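Sequence order for the protein chains is P and B. Numbering (the numbering used here) for the first sequence: 1 to 507. Numbering (the numbering used here) for the second sequence: 1 to 428.
Which chain P residues face chain B? A few, computed with CB under 10 Å, are given here:
id	residue
1	Leu9
2	Asp425
3	Glu430
Here are the simulated distance ranges between beta carbons:
id	chain 1	residue 1	chain 2	residue 2	range
4	P	Lys83	B	Asp323	27 to 33 Å
5	P	Ile214	B	Asn357	40 to 46 Å
6	P	Phe215	B	Asn357	38 to 44 Å
7	P	Glu421	B	Pro414	33 to 39 Å
8	P	Pro106	B	Pro265	55 to 61 Å
9	P	Asp85	B	Asn357	33 to 39 Å
10	B	Asn357	P	Lys81	34 to 40 Å
11	B	Ser236	P	Ile418	56 to 62 Å
12	B	Pro414	P	Gly114	36 to 42 Å
13	B	Asp323	P	Ile418	37 to 43 Å
14	P	Thr234	B	Glu376	49 to 55 Å
15	B	Val392	P	Pro507	40 to 46 Å
16	B	Thr9	P	Pro106	53 to 59 Å
17	P	Val180	B	Tyr21	48 to 54 Å
Just so you know, the hints here were simulated from the structure itself, not pulled from any lab data. None of the values given here were measured: they were computed from a predicted structure. Virtual Cβ for every residue (Gly too), placed ideally from N, Cα, C.
Read off the chains here:
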Amino acid sequence: MVATITNPLRVGLRHERVIAPQCLVIFGASGDLTHRKLVPALFELFKQRRLPSEFAVLGCARRPWSDEEFRGKMAEAMAEKIKEDPSSWEQFAVKLFYEPVDLQKPEDVVRLGGRLEQVDQQCATHGNRTFYLSVSPKFYASGCRALADAGLLKDPKRSRVVIEKPFGRDYGSAQALNRVVQTCGQENQIFRIDHYLGKETVQNIMVLRFANTIFEPIWNRNYISSVQITTSETVGVEERAGYYETSGALRDMVQNHLTQMLAITAMEPPGRFDPEAIRNEKAKVLQAARLADELEPWNCCIRGQYGPGGSKESPLAGYRQEPGVDPNSTTETYVAMKLFIDNWRWQGVPFYVRTGKRLAKRLSEVVLTFREAPVHLFDAATGGPTANQLILRIQPDEGAEFRFEVKSPGSGMRSRPIDMEFSYDESFGEPSDEGYVRLLADAMLGDPTLFTRSDEVEAAWRLYTPLLELIEDSPWQLPIHPYESRTWGPAAADALLARDGLLWRRP
Amino acid sequence: MSPQLTLQTPLELAPSEVPTYLEQLWSTEQQGNTGSGANTFCLLIWQPTWAEQQLVRSGRLQGPITGQQTDELIAAGRQAVSDANLPHSTPPLSDDVSSAVSRFEGDHNAEDLRGQYIDPALSALMPRRLITLAPTIDAGHSLETLVAAYCPLPEEGGGTTACGDVVVLRGDDTALQDGMGILEPLLPPSMPAWVWWNGSLDESPKLMERLTRSPRRLIIDTSVGDPHHCLELLRSRVEAGQAVNDLNWLRLRSWRETLAMVFDPPERRDALSHVTQMDIDVEGHHPAQGLLLAAWIADRLSWELVGSEAIENGIAARFNRPDGTEVGFRLMSVPVGQPSVHAGQMVGLRLISQPENGQGVCVILCAESGGCMRLEAGGMASMELHEDVVPVQHASPEMDVARLLGGGHDSTTPLLAAAAPLAARLLT
Numbered sequence: 001m002v003a004t005i006t007n008p009l010r011v012g013l014r015h016e017r018v019i020a021p022q023c024l025v026i027f028g029a030s031g032d033l034t035h036r037k038l039v040p041a042l043f044e045l046f047k048q049r050r051l052p053s054e055f056a057v058l059g060c061a062r063r064p065w066s067d068e069e070f071r072g073k074m075a076e077a078m079a080e081k082i083k084e085d086p087s088s089w090e091q092f093a094v095k096l097f098y099e100p101v102d103l104q105k106p107e108d109v110v111r112l113g114g115r116l117e118q119v120d121q122q123c124a125t126h127g128n129r130t131f132y133l134s135v136s137p138k139f140y141a142s143g144c145r146a147l148a149d150a151g152l153l154k155d156p157k158r159s160r161v162v163i164e165k166p167f168g169r170d171y172g173s174a175q176a177l178n179r180v181v182q183t184c185g186q187e188n189q190i191f192r193i194d195h196y197l198g199k200e201t202v203q204n205i206m207v208l209r210f211a212n213t214i215f216e217p218i219w220n221r222n223y224i225s226s227v228q229i230t231t232s233e234t235v236g237v238e239e240r241a242g243y244y245e246t247s248g249a250l251r252d253m254v255q256n257h258l259t260q261m262l263a264i265t266a267m268e269p270p271g272r273f274d275p276e277a278i279r280n281e282k283a284k285v286l287q288a289a290r291l292a293d294e295l296e297p298w299n300c301c302i303r304g305q306y307g308p309g310g311s312k313e314s315p316l317a318g319y320r321q322e323p324g325v326d327p328n329s330t331t332e333t334y335v336a337m338k339l340f341i342d343n344w345r346w347q348g349v350p351f352y353v354r355t356g357k358r359l360a361k362r363l364s365e366v367v368l369t370f371r372e373a374p375v376h377l378f379d380a381a382t383g384g385p386t387a388n389q390l391i392l393r394i395q396p397d398e399g400a401e402f403r404f405e406v407k408s409p410g411s412g413m414r415s416r417p418i419d420m421e422f423s424y425d426e427s428f429g430e431p432s433d434e435g436y437v438r439l440l441a442d443a444m445l446g447d448p449t450l451f452t453r454s455d456e457v458e459a460a461w462r463l464y465t466p467l468l469e470l471i472e473d474s475p476w477q478l479p480i481h482p483y484e485s486r487t488w489g490p491a492a493a494d495a496l497l498a499r500d501g502l503l504w505r506r507p
Numbered sequence: 001m002s003p004q005l006t007l008q009t010p011l012e013l014a015p016s017e018v019p020t021y022l023e024q025l026w027s028t029e030q031q032g033n034t035g036s037g038a039n040t041f042c043l044l045i046w047q048p049t050w051a052e053q054q055l056v057r058s059g060r061l062q063g064p065i066t067g068q069q070t071d072e073l074i075a076a077g078r079q080a081v082s083d084a085n086l087p088h089s090t091p092p093l094s095d096d097v098s099s100a101v102s103r104f105e106g107d108h109n110a111e112d113l114r115g116q117y118i119d120p121a122l123s124a125l126m127p128r129r130l131i132t133l134a135p136t137i138d139a140g141h142s143l144e145t146l147v148a149a150y151c152p153l154p155e156e157g158g159g160t161t162a163c164g165d166v167v168v169l170r171g172d173d174t175a176l177q178d179g180m181g182i183l184e185p186l187l188p189p190s191m192p193a194w195v196w197w198n199g200s201l202d203e204s205p206k207l208m209e210r211l212t213r214s215p216r217r218l219i220i221d222t223s224v225g226d227p228h229h230c231l232e233l234l235r236s237r238v239e240a241g242q243a244v245n246d247l248n249w250l251r252l253r254s255w256r257e258t259l260a261m262v263f264d265p266p267e268r269r270d271a272l273s274h275v276t277q278m279d280i281d282v283e284g285h286h287p288a289q290g291l292l293l294a295a296w297i298a299d300r301l302s303w304e305l306v307g308s309e310a311i312e313n314g315i316a317a318r319f320n321r322p323d324g325t326e327v328g329f330r331l332m333s334v335p336v337g338q339p340s341v342h343a344g345q346m347v348g349l350r351l352i353s354q355p356e357n358g359q360g361v362c363v364i365l366c367a368e369s370g371g372c373m374r375l376e377a378g379g380m381a382s383m384e385l386h387e388d389v390v391p392v393q394h395a396s397p398e399m400d401v402a403r404l405l406g407g408g409h410d411s412t413t414p415l416l417a418a419a420a421p422l423a424a425r426l427l428t
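Using the sequences and the hints given, assemble the complete structure.
Below, the structure is given as structure tokens:
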């Protein structure tokens with residue numbers, strides 16, 4: 001969203017919850033995420049006066065940095081942001097500390113305990129700690145165990161662990177990881193982060209559905225004919241080839257972000273706005289979801305991989321030509337699939353989900369297409385009447401639009417579609433917080449509403465198990481369809497919808 | 001959910017025995033019976049409820065006396081306004097009503113349960129100690145001291161064991177003054193202490209001074225008492241650095257939010273730099289709330305107060321905008337047939353903006369409970385008009401207090417801290 005002059009009457013009216021004094025411990029503090037997302041998010045919270053004065057950040061990684069070196073590295077990476085408000089950075093930077101820690105070495109973790117006590121005394125953080133595991137997924141289990149063994153998780157009210165995606169590689173590994181993590185602490189201490197849930201527009205789906213009486217009565221199979229969920233990127237794999245080659249679009253995007261969007265779109269209304277009530281409903285709807293054809297998944301799933309594209313002047317390399325990618329790679333950079341949700345609300349309504357890299361536009365949206373009017377009384381200017389659509393734009397141009405038929409001006413009675421728009425920019429005119437700002441604050445507040453619970457994660461993996469097994473066992477049955485960079489993906493994905501007489505929305 | 005009574009029948013003790021009794025109540029040996037004492041906060045409530053006491057005495061309201069703002073109490077207050085020939089816009093529980101009812105005959109007695117009802121909104125916060133000072137209307141009422149343990153009832157399963165206690169000091173003014181001695185040991189410095197002055201800010205100034213010393217956090221209602229005194233008290237406490245919370249300010253939240261919403265769309269923001277006139281209508285003759293809203297707007301838009309004066313039925317003032325242009329301000333009292341329980345609640349707000357080369361903009365916010373005919377009149381037809389209805393807040397005082405306590409702030413909210421001194425200046 002575009003930042004504009006602040007509304008002076010809006011200042012101070014946000015009702016923010018109060019974060020208790022605490023120390024945020026970041027493991028993997030020398031990594032990208034720390035200086036790209038986490039510390040900037042914390043700095044933003046600091047500038048918004050949402051952090052208590054008794055607060056500290058302890059960066060931990062294997063590099064032998066000092067506090068000063070850590071502060072210097074962060075300042076270097078955030079130079080642009082700091083330039084806007086150097087005095088705030090000065091006040092914030094003194095809250096940054098660093099301790100060299102290798103989570104695999106028990107003696108390091110014990111030493112960390114000592115350092116944390118020092119920080120507690122220095123910053124009056126009362127022993128409240130949030131541990132953020134921004135490390136390679138293979139260290140999640142051992143990292144949690146090391147913290148638990150050192151006694152750092154024993155007080156469930158004063159210690160929390162935040163875990164980044166991916167949480168497991170499949171159903172089995174997610175179950176195993178959950179088992180380990182749950183032996184280290186209680187479920188309410190574990191915060192599995194999915195930054196899509198931090199997006200204002202994703203949260204707005206819940207408000208739209210459950211704060212308005214006009215949507216919920218028609219939010220079901222009686223009125224909705226299909227749902228499309230799209231998350232498309234224009235960028236390629238960039239520097240993430242090493243990770244992406246072992247992951248692919250299904251694990252990188254579908255199992256987590258798109259599935260969370262699906263859950264929020266399709267869940268039943270919770271009895272109250274309470275973390276467990278909401279997560280119960282999300283877990284239930286994911287447990288009711290299935291691939292449209294589980295026995296022959298190739299009928300309901302298309303995999304693709306971007307090939308070269310662009311123009312002569314600025315050519316774009318294909319995935320297999322990207323640095324670090326196997327020239328014969330069969331990793332998918334595009335997935336489209338059809339799902340069903342077997343419950344009273346959604347029985348028979350297809351959910352089409354797609355995501356890909358190097359597509360024509362960067363966007364994320366949920367499109368609900370409503371059933372056609374039972375009788376067509378009017379000629380339609382565009383040939384046939386257009387079905388009503390509610391489009392929830394997650395990013396960019398955050399907002400929503402509702403497409404419906406109106407009378408086309410003139411003496412006849414022809415109808416044509418128009419769009420009724422709601423835009424965050426036009427209505428609020430202020431940028432919403434970055435997802436990590438919201439989620440870090442929630443984790444430190446101990447509010448798990450926007451974090452995924454173990455049963456949700458497992459249900460999401462179980463949903464895609466037939467596909468993952470097929471890719472593992474007989475990948476030729478789920479072939480990789482090449483597509484030209486900066487197009488809307490392989491033609492086979494269009495055919496998937498064409499079989500149902502539908503088209504992907506061209507946003 | 002109805003308010004909860006205390007867990008056990010309150011025990012009447014001699015005042016001097018209270019601190020020792022409570023100490024023993026929470027000693028390790030006793031905790032098996034009552035759960036552990038919550039390590040949260042103490043809340044001291046000054047709860048005269050004069051109108052309720054007088055209405056019960058005169059037989060116009062069934063007892064017991066609880067200190068809660070029930071529908072029956074408000075209805076009886078409204079009836080008394082009519083029977084006593086008070087102006088229709090008199091708030092039904094105001095001092096005017098209690099003083100008029102005190103002249104009615106009657107000598108009905110009812111049980112006095114003040115301090116023994118605990119609103120669920122408050123009990124959910126698990127206060128460690130609730131102390132209620134309950135002055136009685138009958139002079140000569142000697143000091144009674146009641147004590148009880150109390151555990152919040154969990155909403156469902158997995159109950160809490162963090163409990164608190166309630167202490168009630170009941171008696172006439174002299175008796176309560178005498179009882180002050182036991183309060184200090186009952187408010188341990190290790191725990192935040194809030195004092196809710198749930199009565200007129202004009203009464204018992206010495207007692208108030210003694211009870212509400214910093215660092216105790218003060219909760220007042222500037223709609224109760226003489227407006228000058230209310231705003232002056234608010235200003236002085238804010239400027240002294242005490243954490244002050246004003247329920248009258250809190251009730252303005254929907255006005256602040258609605259007005260901010262009008263100017264959220266970026267294309268409307270320019271109008272805020274060109275305001276030339278601000279008008280506010282309030283119920284009856286208590287301008288405190290209207291002035292707090294005006295002061296908030298003036299502070300947020302960086303207007304400088306040039307001068308103010310009393311006019312017939314209101315207040316007029318002039319501000320200077322940052323660009324030097326003058327902004328006119330008028331606050332008018334309007335009579336209402338069915339006044340709110342709280343005096344001087346907002347009825348309407350009008351902001352007129354006149355850009356030099358653009359179309360004028362008129363914003364009118366109107367309370368859903370009343371009409372804004374006065375603000376809607378006056379030749380704004382040529383302007384771009386934005387009208388909105390501001391919902392009436394139906395929160396009980398206890399819910400508002402719980403909201404404040406839940407925030408846990410140990411300082412005055414910066415918006416109120418900035419608005420309070422300006423509001424006081426507008427009235428002088």
